Amino acid sequence: MKLTKLLASTAVGAAIALGSVAAHAAGDLTVVSWGGAYTKSQVEAYHKPYIAKTGANIKSEDYNGGIAEIKAQVEAGNVTWDIVDVELSDAIRACDEGLLETIDHSSLPAGDDGTPATDDFLAGTLYDCAVANIVWSTIFAYDKTKIENGPKTMADFFDLGKFPGKRGLRKGAKVNLEFALIADGVAAADVYKVMETPEGIDRAFAKLDTIKKDVVWWEAGAQPPQMLADGEVAMTTAYNGRVFNAVAGEGKPFEIVWDGQVWDLDLWVIPKGAKNKDTALDFLKFSTETKQLAAQASYISYGPARKSSAPLVGKFHNKDIDMGPQMPTSPANLANAVQNNFEFWADNADQLNERFNAWLAK
Amino acid sequence: MSLAATQNSSAAMNTSTEAFVRFENVQKSYDGEILVVKDLNLDIPEGEFLTMLGPSGSGKTTSLMMLAGFEPATHGEIYLGGQSINNVPPNKRGIGMVFQNYALFPHMTVAENLAFPLMVRKLGKAEIEAKVQRALEMVELPQMGGRRPAQLSGGQQQRVAVARALVFDPKLILMDEPLGALDKQLREQMQYEIKHIHENLGVTVVYVTHDQSEALTMSDRIAVFEDGVIQQLSTPDDLYERPMNSFVAQFIGENNKLHGRLTNEKDGICTVELDDGSKLKAAAVNVGGAGERTTLSLRPERIEIDPSANQVDNTITGEILELIYLGDHIRTRMNVAGNTEFIVKVPNNAGNKPLAEGAKVKVGWKAEDCRALDPLEV
Amino acid sequence: MTDVAMSAPTNHAPLIAADGVPLKLKLARTTRRMKWRAFLLTVPLVLFLLIAFVMPIGEMLYRSMHNPTGSNVMPQFSVAIQDWDGEGLPSEEIFKIFVEDMTAAKKNREVGKTIGNLATRVNYEIPGSRSLFTRTARKTKNIKEGPYKEALLALDQKWENPVLWRTLQRVSKDYTLAFYLAATDRKYAENGDIVSADPLYQIYLPILFKTIWMSALITLFCFIIAYPVSYLLSTLPLRTSNLLMILVLLPFWTSLLVRTSAWIAMLQTQGVINNIMVYLGVITDESRIQMIYNLTGTIIAMVHILLPFMILPLYSVMKTIPPTYMRAARSMGASGTYSFIKVYFPQTIPGIAAGTLLVFILAIGYYITPALVGGSDGLLISNLIADHIKKTLNWSLGAALGTILLVVVLVFYWIYNKLVGVDNLKFG
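Residue numbers (the numbering used here), protein chains in the order written: chain A, 1 to 362; chain B, 1 to 378; chain C, 1 to 428.
Note that these hints are calculated values from the structure, not bench results. No experiment lies behind these values; they were computed from the predicted model shown. Do not rely on the hints blindly, as some may be mistaken.
Computed Cβ-Cβ distance ranges for the label pairs, DEER-style [said to hold, decoys possible]: (1) C:286 with A:253: 16 to 26 angstroms; (2) C:110 with A:106: 51 to 61 angstroms; (3) C:286 with A:155: 49 to 59 angstroms.
In silico EDC-like links for lysine to aspartate or glutamate, alpha-carbon gap of 16 angstroms or less [stated by the list, open to error]: (4) A:48 with A:282; (5) B:362 with B:292; (6) A:362 with C:377; (7) A:146 with C:285; (8) C:149 with C:92; (9) C:144 with C:190; (10) C:391 with A:69; (11) C:139 with C:100; (12) A:71 with C:110; (13) A:212 with C:198; (14) B:345 with B:374; (15) C:342 with B:319; (16) C:158 with A:196; (17) A:146 with C:286; (18) A:166 with C:285; (19) C:390 with A:69; (20) A:213 with C:101; (21) A:362 with C:286; (22) C:107 with A:128; (23) C:390 with A:196.
Note that beta-carbon positions come from the ideal geometry of N, C-alpha and C, so glycine has one too.
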């Protein structure tokens, strides 16, 4: 009697489990992004209107970047992620290694003003396997209640004499080397030219040496605003959207310094063999339309990848803050800015990270 | 070490006047509510083999641990060789001890175990070796020095434990149920060996056991413990022949009990009326006044079947319930005055008449073999 | 029975069971059935170990040496280049095959067989060469006819470098020691000799030695803290010790991340401990102590996390040591300290051995805690392995590092066995 019951309940449980797997495979679109405020902005601007329009189910998953998971899924032939938000260098590499579906640019919808997609997207935002949605940036920020007459330039960030206190930096070579060279007086336009030479790399590390003992290293995007709030660091590099949301959303007294910012792209990619490939492509087209990209900018301060979205960018969704000046692409913020050179990093990331780790351990 | 030595020498001077070991009004409580040892007073002369005998929980082991120094006395003083040792730590008391499970150090060889107390005393290497070898020979294990305790039999481990307690020549040895883990035959053999070692060395031994036959075999004197109090302190034969209360009578040896009421007492002999009305004469040992209840204690081997009238003071008729043939004697269970567990040991003599179950026979005994003690109601 | 016993010594023929079958055969038959049944019972475990343990480790060993990217991406070229003697540049014929293979590979979108894969692979050996491959591959389809060598050099002068071709020759072989070289801070020089990497890039051996040294330190701290705690636990009455044991085990029941985060809250410069010390005036507000995001933080957090692995074996051993041993020692005149050193301590060695081995091996492979609180100098070898598995995707190098770590652990285990004897371990 007891046994029959047990068997019955097991069978029911198994059926439910199988059913959910089947449902997952058939209908749910699995959208993978970076979590936190950023995913929230996408849910508000992309997911909700898409669900309203098509009735599709969207399952939102978080990850910490990188293409390891995509690679594992594709190699195992069991791809559960349908569409993924990745960084540019990862998109290029994954595409080169055959891990992604290719995307036909001519199939992307034209802008609201009628401009064809290939012209409407900013230069360098469309790739064989990837379509950019936002421009984001690594900047540095400080707590203005703790530092009077705060830092203005990247050089100030490296000036421990003028502004004593701990510094937060992302643990890795990327962006830090660019920052170090800008602080050392290299013009933003020449940064990668200098970095191509071994002397340039030595120079960047030498500059990092000057603050090394006062650096607290961070790895996840959520860490730097927290470190600033805790007073653990006097100033820290961070993703501009994270700092903006701490200011606009939580009322933190942080100030962003745009000088020397290194901006980069986030792009949608579809892993090769995704279960809902067609829905994913449809979602990709929908979410990168002029209107949706502009809407996202009212939830987080990342710039839309389409030119036609810029005039539509308004205020923060629940506060009277103009979003335009908060964007990395705002002209004032671009005065001394570097675009992340994905090719340089694709070539040199392994070697420079090794050197960075060796430098760190000394 | 030096303190132990001075104690020993002072003990030698004081033996004539003072006891070697003395408990004076010692009390012990673990929880502040129950006294495990109640007002213990005990003198042990040098060279004596004294056994603390009693059931578990009677306070005997606690008393031993207080003497060894592992438990502090809650009240009272303990003297060793005339000096109070209440504040002397166990390692300064110079007392040898044998534990229930031997406590031989498993990571050392037998020889290293024996050398341990000598190393502590910083003796020379040659001297240690000689003493260890002598100790091994004393316990008849001269070849076993290199073995580990786990490689020895239970009896061999026991001997090593005794040797280890003796090897540093303490004047006092404590033994806490040392034979409890051995089988019966080995236990009896070890009893004699320990006894002989005691006689040969002349050390003072305080021995704790719950086994009465062990106590009777080995001891000079036995202290019977019950409920934290010494019930009786006597030589083995005295304890057996002349128990002073019902507990001792029952605890030591086999014993028939008859319950009744005292009618009169004269010149140490009293008359007791049993509950079924029969009247018996008994030695008045531990009784109240006339009319008070008493328990008669009677050893099975002191009872005669079909006695001739002039040989005994009491006769009573009983019914044979069961006969058990034990070779040298026949154990006869009878119903006497309502006691159906009344045992008589009938010697297997050529002249004795055969007994039959169900038969009614007369049994009789002398008044002095029947001791009227404190009432023990069933 | 007596008959058989009597006849056996005189008759040397095999014993026969009652039904005429030789006794040995009969016995083998019955025991075989029992052995078979016992084996069946262990099948799930054997399968589990095979799938969850043996196969992944085998896969790791294999991956650390086997990297067929070269032959996968350029099947013809990888064979042809092996005939080259390594002098000057390869022949025109090889260049032709190279251009053809590259054009074909550019069209290939199959995972593991794209130009990108080869570019990544060569980039491990010659940093900065990745884009040369992806760039060239976009254009080789335009090379319709010879001379191929000139056509390729026209696309990019870098193809003139013989080092590139020698590297391609090496990369075209499926089996390679290159990842072990990289994992031990060495590399192939331009002439093919094995040389040490530039000191500025030497990371794996220093970190490996640091990992071993830190694991030893963590083990030592764990031992120093766990020994008295275990002793206390083993001597207390059962009810109290059970309660305290729950406190010891409590960290086991909390998420590792929560525990590590708690340490961050405690130890950071604006954290609880610094605040208390500032409040008490032990330190000033300016001289707050950096206790986390460095070596100190890693050691503190890891000692806390690994402590139960030391306490449990120690406790279980101490629990079996009766108090009479210490009493016996004291009754023989030994002081408390002497009894402890000579009698108690030696008997706890099996527990110490088990505890230190457990903690050391766990510490040497730990990665979450150093990743979270290690900061710049608290990095351990497993963090580098995780980096290569998760971030750089250089799985072969990750596998080589993992294999080296495995070998180190086995060597330590072997030394340990020589010193203590594995039979003497007592885990609980």
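A quick look at each hint next to the structure:
| no. | hint | verdict |
| --- | --- | --- |
| 1 | C:286 with A:253: 16 to 26 angstroms | holds (22 angstroms) |
| 2 | C:110 with A:106: 51 to 61 angstroms | violated (25 angstroms) |
| 3 | C:286 with A:155: 49 to 59 angstroms | violated (24 angstroms) |
| 4 | A:48 with A:282 | holds (14 angstroms) |
| 5 | B:362 with B:292 | violated (28 angstroms) |
| 6 | A:362 with C:377 | holds (7 angstroms) |
| 7 | A:146 with C:285 | holds (14 angstroms) |
| 8 | C:149 with C:92 | holds (6 angstroms) |
| 9 | C:144 with C:190 | violated (32 angstroms) |
| 10 | C:391 with A:69 | holds (10 angstroms) |
| 11 | C:139 with C:100 | holds (12 angstroms) |
| 12 | A:71 with C:110 | holds (12 angstroms) |
| 13 | A:212 with C:198 | violated (21 angstroms) |
| 14 | B:345 with B:374 | violated (25 angstroms) |
| 15 | C:342 with B:319 | violated (66 angstroms) |
| 16 | C:158 with A:196 | holds (15 angstroms) |
| 17 | A:146 with C:286 | holds (14 angstroms) |
| 18 | A:166 with C:285 | holds (14 angstroms) |
| 19 | C:390 with A:69 | holds (8 angstroms) |
| 20 | A:213 with C:101 | violated (50 angstroms) |
| 21 | A:362 with C:286 | violated (26 angstroms) |
| 22 | C:107 with A:128 | holds (13 angstroms) |
| 23 | C:390 with A:196 | violated (26 angstroms) |
In the structure shown, a violation is registered for the earlier hints numbered 2, 3, 5, 9, 13, 14, 15, 20, 21, 23, in ascending order.
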